[in-house]
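Chains as they are written, first to last, in this note's numbering: chain X, 4 to 366; chain H, 39 to 353.
Everything labelled a hint here was simulated from the structure, so no lab data went into it.
A few of these clues could be false.
Okay, derived cross-link-like pairs now, DSS-like style, lysine-lysine, Cα gap no bigger than 30 Å in a straight line [stated by the list, open to error]:
(1) X:K209 with X:K171
(2) X:K209 with X:K138
(3) X:K202 with H:K352
(4) H:K168 with H:K94
(5) X:K85 with X:K178
(6) H:K352 with H:K333
(7) X:K28 with X:K138
(8) X:K202 with H:K168
(9) X:K343 with X:K288
(10) X:K343 with H:K333
(11) H:K168 with X:K28
(12) X:K138 with H:K66
(13) H:K66 with X:K182
(14) X:K182 with X:K209
(15) X:K178 with X:K209
(16) H:K66 with H:K94
(17) X:K242 with X:K174
(18) X:K242 with X:K85
(19) H:K98 with H:K66
(20) X:K343 with H:K98
(21) X:K138 with X:K171
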Amino acid sequence: MGEELIVNMGPQHPSTHGVLYLELKLDGEVVLDCVPHLGYLHRSMEKIAENRTYTQFIPFTDRLDYLASMNNNLGYCLAVEKLLNVEVTPRAQYLRVIIAELNRVASHLVAIGTFAQDLGAYATPLFYAFSDREKIVELFDELCGSRLTYNYVRIGGLSGDIPPGTDKVIKDFIKYEYKQLVEYNELLTHNVIFLARSKNIGILSKELAQAYSVSGPILRASGVRWDLRKDEPYLVYDKFDFDVCVGTVGDSWDRFKVRLDEVTQSLRIIEQAIEAIPEGNPVSKVNRVFRGTGESYLRTENPRGELGFYLVAEGGFNPYRCKIRSPSFSNLSVLPALIKGLNISDAVCVLGSLDIVMGEIDR
Amino acid sequence: MIRMFLSGFACLGFIALSAMFLIWWERKISAIIQNRMGPMLTGFHGTLQPIADTIKLLLKEDIAPAGIDFLSWWLAPFFVTVPVVTAFVVIPFSSSWVPYDLNVGVLYICSITSICVLGIFMAGWGSNNKYSLLGGMRSAAQIISYEVPLLLSVLLVVMESGTLSMQGIVHAQEHGWFVFKPHLAIAFVIYLISSTAEVNRVPFDIPEAESELVAGYHTEYTGMKFAMFFVAEYTNMFIVSATAATLFLGGWQGPFLPGVAWFLMKSYFLVFFMMWMRWTLPRVRMDQMMSFAWKLLTPIALLNLLISGWFMLKV
Numbered sequence: 004m005g006e007e008l009i010v011n012m013g014p015q016h017p018s019t020h021g022v023l024y025l026e027l028k029l030d031g032e033v034v035l036d037c038v039p040h041l042g043y044l045h046r047s048m049e050k051i052a053e054n055r056t057y058t059q060f061i062p063f064t065d066r067l068d069y070l071a072s073m074n075n076n077l078g079y080c081l082a083v084e085k086l087l088n089v090e091v092t093p094r095a096q097y098l099r100v101i102i103a104e105l106n107r108v109a110s111h112l113v114a115i116g117t118f119a120q121d122l123g124a125y126a127t128p129l130f131y132a133f134s135d136r137e138k139i140v141e142l143f144d145e146l147c148g149s150r151l152t153y154n155y156v157r158i159g160g161l162s163g164d165i166p167p168g169t170d171k172v173i174k175d176f177i178k179y180e181y182k183q184l185v186e187y188n189e190l191l192t193h194n195v196i197f198l199a200r201s202k203n204i205g206i207l208s209k210e211l212a213q214a215y216s217v218s219g220p221i222l223r224a225s226g227v228r229w230d231l232r233k234d235e236p237y238l239v240y241d242k243f244d245f246d247v248c249v250g251t252v253g254d255s256w257d258r259f260k261v262r263l264d265e266v267t268q269s270l271r272i273i274e275q276a277i278e279a280i281p282e283g284n285p286v287s288k289v290n291r292v293f294r295g296t297g298e299s300y301l302r303t304e305n306p307r308g309e310l311g312f313y314l315v316a317e318g319g320f321n322p323y324r325c326k327i328r329s330p331s332f333s334n335l336s337v338l339p340a341l342i343k344g345l346n347i348s349d350a351v352c353v354l355g356s357l358d359i360v361m362g363e364i365d366r
Numbered sequence: 039m040i041r042m043f044l045s046g047f048a049c050l051g052f053i054a055l056s057a058m059f060l061i062w063w064e065r066k067i068s069a070i071i072q073n074r075m076g077p078m079l080t081g082f083h084g085t086l087q088p089i090a091d092t093i094k095l096l097l098k099e100d101i102a103p104a105g106i107d108f109l110s111w112w113l114a115p116f117f118v119t120v121p122v123v124t125a126f127v128v129i130p131f132s133s134s135w136v137p138y139d140l141n142v143g144v145l146y147i148c149s150i151t152s153i154c155v156l157g158i159f160m161a162g163w164g165s166n167n168k169y170s171l172l173g174g175m176r177s178a179a180q181i182i183s184y185e186v187p188l189l190l191s192v193l194l195v196v197m198e199s200g201t202l203s204m205q206g207i208v209h210a211q212e213h214g215w216f217v218f219k220p221h222l223a224i225a226f227v228i229y230l231i232s233s234t235a236e237v238n239r240v241p242f243d244i245p246e247a248e249s250e251l252v253a254g255y256h257t258e259y260t261g262m263k264f265a266m267f268f269v270a271e272y273t274n275m276f277i278v279s280a281t282a283a284t285l286f287l288g289g290w291q292g293p294f295l296p297g298v299a300w301f302l303m304k305s306y307f308l309v310f311f312m313m314w315m316r317w318t319l320p321r322v323r324m325d326q327m328m329s330f331a332w333k334l335l336t337p338i339a340l341l342n343l344l345i346s347g348w349f350m351l352k353v
């Protein structure tokens, strides 16, 4: 037993994914204890929601999980629509599915790229993933004029219809991405060093995952078949044929593989949705300012897990309370339990495989 | 005397140019691998980029962090750079171009380059930074472990050629490069792997593992001191590649072209191979790397040495 060393990893560190600050207690290279410190990106989103009209809060949801802004917009708008009982046209519903799945692909690509980067594969997988993501981002730019914070999904519909020719762009992208997925498999999935670094590292058991209310790909990697798109379908997800990807052991490699497989499944959903998309007007017809009463809770399957919005309305123009259940927060809370006893390299690997976004942890 | 001075200056010039070329080349190779352009703006296809970088580093403030062990912090860059530069003494560029052909050249090059680890550890210790300390400790463990298989594979070449002089080894390969003999081919592979570890390159870049230790032992260095670590890394890469080219690939020997051209082509090809690995593979873990050195590479190298030694005695 050597001298204990306390290393403050972050908030400025190449692999803490934003502004996470981990206080690591080390014995040589072995992590004895880990305390994550949060709050460096706190912007009091929930309080801001109480001082904005329902529509005005949509751009703020972009800044929660900034890698999956469309999904956040969608989750919030669905919660408001549930509160007000707003009907959404079928075309808007299909378009929402398509953009949500496209954004899931983009988000998972970033997760895959940064995970490989954390394992020391210098930038190459990261660049591959980002150049694929670039195609999605450019498509979203066409839709709503923004590359990161979209504000595209509106209460009661979308901010505008897709421009003509978009379906061809999406079909081309799907064809291209299937080819790229083969390359990711060649470059990473069965690479000997990659396997040695991520197999059996940071095993998250089924029971522990459920005890910490972990969700999303991380929960599925532990072998729990739970996907809100299947188990509690919203929008028109029940009309599509897709599989829920699950892992077997719950190690870092499983978490990576589940994400890679989910990209394939998302592409399948988009393929089906784009064929079945009905005619109509997807643009929202709801007034920009309105009052509401009652309360609603709605959860959606975000790329990182279950994103829940709990809204309480007491007749004003603003919600009385808006509680956000962010998936990364629960997913991060399991980190200390996972990395105790591992060494620093593995701790970085586990943190990378959890794929957290600080924007939605601190809110 | 004058000849010695001249060859010394020529070597220093070559080192500077080679390091600059390698930095530019690495950026270009990584760009090609990653579907990018790389440096394009300074000079033709960014060829002047390393010069711009050097000027920038020269003008940077030299920051000394609080609480450092000043002597070891200050001396560390020299301990890393000077051995690498002095290793050039025995590198045979062609049949006549060698600064000084020591009769114990191989021994000299192996011993002088292993002083680098002292500098790296001094940098890690002196910086008063936990990441640097971990990087320095990792580096010491790694370089010392990989020295063993490296020397064992070099030893086989010495046994085969019967000389320790670099030129002598090149001459011993007049009738066929050593790499084409099976037992020396194994030694060559072991040499390549352990030399990659010696110069801290991916997949063995554990001492400066960016995602774990920020920049490892040179986290706290700025300006020219950082540049010295940088130049030492690239020069060291050239040294191990040049040594490999001399020991296994026939050195400056080859048809048609002058010896220098062959020598540089072989050396830079090996450097390219290292860069190629760096931009493709993930990093291994510390304990995996150590067990790889002690449980796999060293036994294979020893066994290889034993069996081929037995055959040599018998024949």
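Each hint, compared with the structure:
{"no.": "1", "hint": "X:K209 with X:K171", "result": "41 Å, violated"}
{"no.": "2", "hint": "X:K209 with X:K138", "result": "36 Å, violated"}
{"no.": "3", "hint": "X:K202 with H:K352", "result": "47 Å, violated"}
{"no.": "4", "hint": "H:K168 with H:K94", "result": "28 Å, holds"}
{"no.": "5", "hint": "X:K85 with X:K178", "result": "36 Å, violated"}
{"no.": "6", "hint": "H:K352 with H:K333", "result": "29 Å, holds"}
{"no.": "7", "hint": "X:K28 with X:K138", "result": "42 Å, violated"}
{"no.": "8", "hint": "X:K202 with H:K168", "result": "28 Å, holds"}
{"no.": "9", "hint": "X:K343 with X:K288", "result": "53 Å, violated"}
{"no.": "10", "hint": "X:K343 with H:K333", "result": "27 Å, holds"}
{"no.": "11", "hint": "H:K168 with X:K28", "result": "12 Å, holds"}
{"no.": "12", "hint": "X:K138 with H:K66", "result": "24 Å, holds"}
{"no.": "13", "hint": "H:K66 with X:K182", "result": "25 Å, holds"}
{"no.": "14", "hint": "X:K182 with X:K209", "result": "33 Å, violated"}
{"no.": "15", "hint": "X:K178 with X:K209", "result": "35 Å, violated"}
{"no.": "16", "hint": "H:K66 with H:K94", "result": "20 Å, holds"}
{"no.": "17", "hint": "X:K242 with X:K174", "result": "19 Å, holds"}
{"no.": "18", "hint": "X:K242 with X:K85", "result": "20 Å, holds"}
{"no.": "19", "hint": "H:K98 with H:K66", "result": "25 Å, holds"}
{"no.": "20", "hint": "X:K343 with H:K98", "result": "41 Å, violated"}
{"no.": "21", "hint": "X:K138 with X:K171", "result": "13 Å, holds"}
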